[in-house]
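Starting from the given sequences, assemble the full structure and let the hints guide the process.
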Amino acid sequence: MMRFVTALLVFGGSLSVVGAAETERPNIVLIMADDVGCDAIGCYGGESYPTPNIDRLAAGGLRFNHCYSMPACHPTRICLMTGQYPRRLKNPKWGSFPRDVEKNTFGRVLQRAGYATAVAGKWQLSLLGTDLKQPNRMGFEQYSLFGWHEGARYYQPLIWQNGKRRDDVAEHFGPDVYCEFLIDFMKTNRQRPFFAYFPMALCHDVTDDLDKPVPYGPRGRYDSFAEMAADMDRIVGKLVGAVDDLGLRKKTVILFTGDNGTPFRSTIRVEGKKYIRDPVFSVYKGKRVQGGKTKLTNGGTNVPLIASWPGTIEPGGVVDDLVDFSDYLPTLAELTAAKLPAGVTLDGKSFASRLTGDKPALRTWAYAEAPRNRYWVRTQRWKLYNDGRWFDMQNDEFEKKPLKSEQLPKSADDAKRLLTGAMKQVGGF
445 MMRFVTALLV FGGSLSVVGA AETERPNIVL IMADDVGCDA IGCYGGESYP
495 TPNIDRLAAG GLRFNHCYSM PACHPTRICL MTGQYPRRLK NPKWGSFPRD
545 VEKNTFGRVL QRAGYATAVA GKWQLSLLGT DLKQPNRMGF EQYSLFGWHE
595 GARYYQPLIW QNGKRRDDVA EHFGPDVYCE FLIDFMKTNR QRPFFAYFPM
645 ALCHDVTDDL DKPVPYGPRG RYDSFAEMAA DMDRIVGKLV GAVDDLGLRK
695 KTVILFTGDN GTPFRSTIRV EGKKYIRDPV FSVYKGKRVQ GGKTKLTNGG
745 TNVPLIASWP GTIEPGGVVD DLVDFSDYLP TLAELTAAKL PAGVTLDGKS
795 FASRLTGDKP ALRTWAYAEA PRNRYWVRTQ RWKLYNDGRW FDMQNDEFEK
845 KPLKSEQLPK SADDAKRLLT GAMKQVGGF
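Reading the sequence shown from the start, the letters are residues 445 to 873 in the numbering used here.
Calculated directly from the structure, the hints in this document are not laboratory data.
Accuracy of the hints is not assured; some may be wrong.
30 Å max Cα-Cα, derived DSS-like pairs, lysine-lysine [what the hints assert, rightly or not]:
#1 K608 / K682
#2 K803 / K854
#3 K729 / K682
#4 K854 / K793
Quick look at the structure:
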């Protein structure tokens, strides 16, 4: 008989579990790193930034090669939280969230299922200071967040916590504040099922479009993308260590991902009132590559997804299942025996079967979109853009050789039929 156990997601996922009391349901902690593609993670072939804590998760669990996000943070968050593609929702204005969809988020889904819920880190869905109830309406009973372009996220952070601005964090770094808030939340709710969502601030650069420049902090802290990557890994280790300390590790699934690819440049310091931007190049699988954030290439959309669950997931696994960000809501619902939003057409497919029974995920094609009506559908190998270009991603990872439909080999006939149909489907939203 299938039984529930506890699950922690370091950005995104869900499951159904074996090995706990018959009535026990999984806790879920979802951690999503900001601006972190596969090229920034050691276990994916990244060679520029040591990520020992994240690599340890992969070594002890399961790594997905084909997880796809949107190429930028806001549409990814829309898709993640609703299980629907932004195109279906008429592409909400940047930094906003549709009021009539708030009742359908994964926070509300798990809250209605009886979960304690909290979110900490980057919100990106409103000017939070003008709407301090928005996280509550979206299913989060507790929150500790910086909003959208309101102030600093790192040194002297501007943090809204449960309806009030914190006035005690001037000498603290935001990433530690957000992490400690969630650790306290887990401690308080360890005897009941909880959902802790952690959209990290790291490794996004500082906000540089405010009237008043944001504080940078002491020289040597976050002066490069490499330093932010190191601190991201430290924070992940800190949160996982807290789960260990609470005695929940064997009852906890940890999923780690990023919201989009690594940036092509990063605002890393300020000289007077002038922000200094440096390009971000990384060594990835032996090649020097520039970050692909905002682009629909692999560099902008292929993000890490790692699942670690000692005693349930066998260590050291690597799978080629397709996952996109619409899949998290239905996966979480299946994991927690929660009801899906009534009357809502979801684009997501649950990948719980891969986490609980080593059965392939259900998705047969993935989707991503960018501004100016650009989007693609793809399988693991073949990729079709809405302008008609095809790419063989197995032999042309950097998309240098576009193909026409008639140039595809006969072996691609099944993929051609599948993706042509998928393109018509998403084009009709």
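Tested hints:
1. K608 / K682: Given pair K608, K682 holds - Cα atoms ~26 Å apart, limit 30 Å.
2. K803 / K854: 29 Å, holds
3. K729 / K682: 28 Å, holds
4. K854 / K793: 29 Å, holds
Against the hints set out earlier in the document, no violation occurs for any number.
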